[in-house]
Amino acid sequence: MRYALLICGDESRMEARSPEEASAGLNEYLAFGEEMGKRGVLQGGERLRPTTDATTVRVRDGEVLTSDGPFAETKEQIGGFYLVDCKDLDEAIEVAAKIPGARDGSIEVRPIWEM
Amino acid sequence: MTGDWDVAEECAQDAFALALERWQRDGVPRSPGAWLTTTARNRAIDRIRRAATGVSKLQEVAVLSADHPSDSDDSGVGDDRLRLIFTCCHPALALEVQVALTLRTLVGLTTPEISRAFLVPEATMAQRLVRAKRKMRNAGIPYRVPPAHLLPERTGAVLAVLYLLFNEGYAASAGADLVRQGLTDEAIRLARTLVELMPDEPEALALLALMLLHDARRAGRVDDAGDLVPLEEQDRALWDRNAIDEGVGLLDAALRRGQPGPYQVQAAIAACHATAPDADATDWAQIAALYRELVRMTPTPVVALNRAVAVAMADGPEAGLALVDELEASGALRDYYLLAATRADLLRRLARPAEAAAAYRQALDRAGTDAERRYLARRLAETERA
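Residue numbers (this note's numbering), protein chains in the order written: chain F, 7 to 121; chain A, 13 to 398.
Possibly wrong hints are sitting among the right ones.
Some chain A residues near chain F, calculated using beta-carbon distances under 10 Å [claimed, not checked]:
| hint | residue |
| --- | --- |
| 1 | P103 |
| 2 | L131 |
| 3 | K145 |
| 4 | N150 |
| 5 | A151 |
| 6 | I153 |
| 7 | P158 |
| 8 | L162 |
| 9 | T287 |
Hints are computed from structural coordinates only; laboratory data are not their basis.
Here a beta-carbon is modelled for each residue, glycine too, at the ideal position from N, C-alpha and C.
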């Protein structure tokens, strides 16, 4: 079964990190990617640039409305995601718990709606 | 891929229905849990063969309820039924939903019984169960015995399942019988097994203590006609001293761990009642204080109602009635017969018979069992005579 693991956290805290902290964080993600790659559950995943670089697009009455940033102000933002193929929710939870971001933010485990 | 939840539920219910028939005829087998699991599995196999959904499906269900635990089962839980209860209490579901689902799937309580236990309308409970099953299917929640290190996060739900199972047996919410002894016995047996499994978990010790302290009063609780005898009128010589001693001992062991919890407080309340030599010697001030603590830990309307009763005993019916009125104003327990029954009782003690009679009639409308109705009818008649 496929799941999207959405990594949610406080962007401002990510940005406030020192270069050493940022690099240590990156290494943790590389280790996670390597472990899960070997295990064969990882199908993809990306880190996202912060919401300050985001653009929100809507179409209303046929008109394209573009605005800066995300629509709503929330405390946690999606900073990245993985796409995994797991046996069931228990395995997906176990994998999600190993994502470094789970320790200061949270991981939303969303089953893929298979078409 | 986890549609086997539905099959598991139907088969478990079949097995329970069959058990009720057969155990009444032949007596209870030596290992009821194993009997149920085997029966449920056989039913599952029948059903799946009939439905011809394929060999892989058959294996799936057979593995999860086989008498021989599969290789993946390293839970350390020896009892089949308890293992399945842990299996059902999956933390990806809300705690209340885990408990409701387990009571429905494994214990075989009906949706109306469960909705009464949770004090929600039947339609609400039915909808919650449907939603839970949909999530289990869509999110791939496995029906699998959890390994030992995952048991603690499920313990809270398992305790709640056993507690409600006991309650349903101790004060049956519907039907002709006030007490369904089979359910309370099974709840006590499972709680005992849980204590063996988790001897360091104070809340498990306290839950077993709570059950024993209540069950000890069984012989005094219902008279020969099957009617409820109120606590203050019970013949305390009929109470089971051994069960009380065991309950108090377990409670002491739980309290010594220094991790207070709601089951410990409830067991302490039950111990106050069980160890009072007679009704007048009951330490109501202590009980009222314990209820205040319980309201703090679990601020539910039912706990608040019980506290009102204790306060009425400790500080007089006027003080209790003020708390009952507060609850009634909040609208939380509108359809709960014990709210009206408590109100009626306090009004009777305050010598306000007309209001008391009206409240008894309200309670009569809402009571679920015949014995409860007979008790209330008797009180109503007394009030009208007075």
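Hint by hint, here is what the structure shows:
Because the beta carbon of A:P103 sits about 9 Å from the nearest beta carbon in chain F, less than 10 Å, this interface hint is met. For the restraint placing A:L131 at the interface with chain F, the shortest Cβ-Cβ distance is roughly 30 Å, beyond the 10 Å limit, so the hint is violated. Annotation: A:K145 was flagged as interfacial toward chain F, and the flag is violated, the nearest CB pair being 14 Å apart, outside 10 Å. A least Cβ separation of about 6 Å between A:N150 and chain F falls short of the 10 Å threshold, and the interface hint therefore holds.
Checking A:A151 against chain F: minimum C-beta separation of about 5 Å stays under 10 Å; hint holds. Look at A:I153: its Cβ gets to within about 5 Å of chain F, closer than 10 Å, so that hint holds up. Taken as an interface hint, A:P158 checks out: its beta carbon lies about 8 Å from the nearest beta carbon of chain F, inside 10 Å. This hint holds: A:L162 has a C-beta 8 Å from the nearest C-beta of chain F, less than the 10 Å allowed.
Violation of the interface hint for A:T287 is found here, the shortest Cβ-Cβ separation to chain F being roughly 45 Å, above the 10 Å cut-off.
In terms of the numbered hints stated before, the structure departs from hints 2, 3, 9, listed from lowest to highest.
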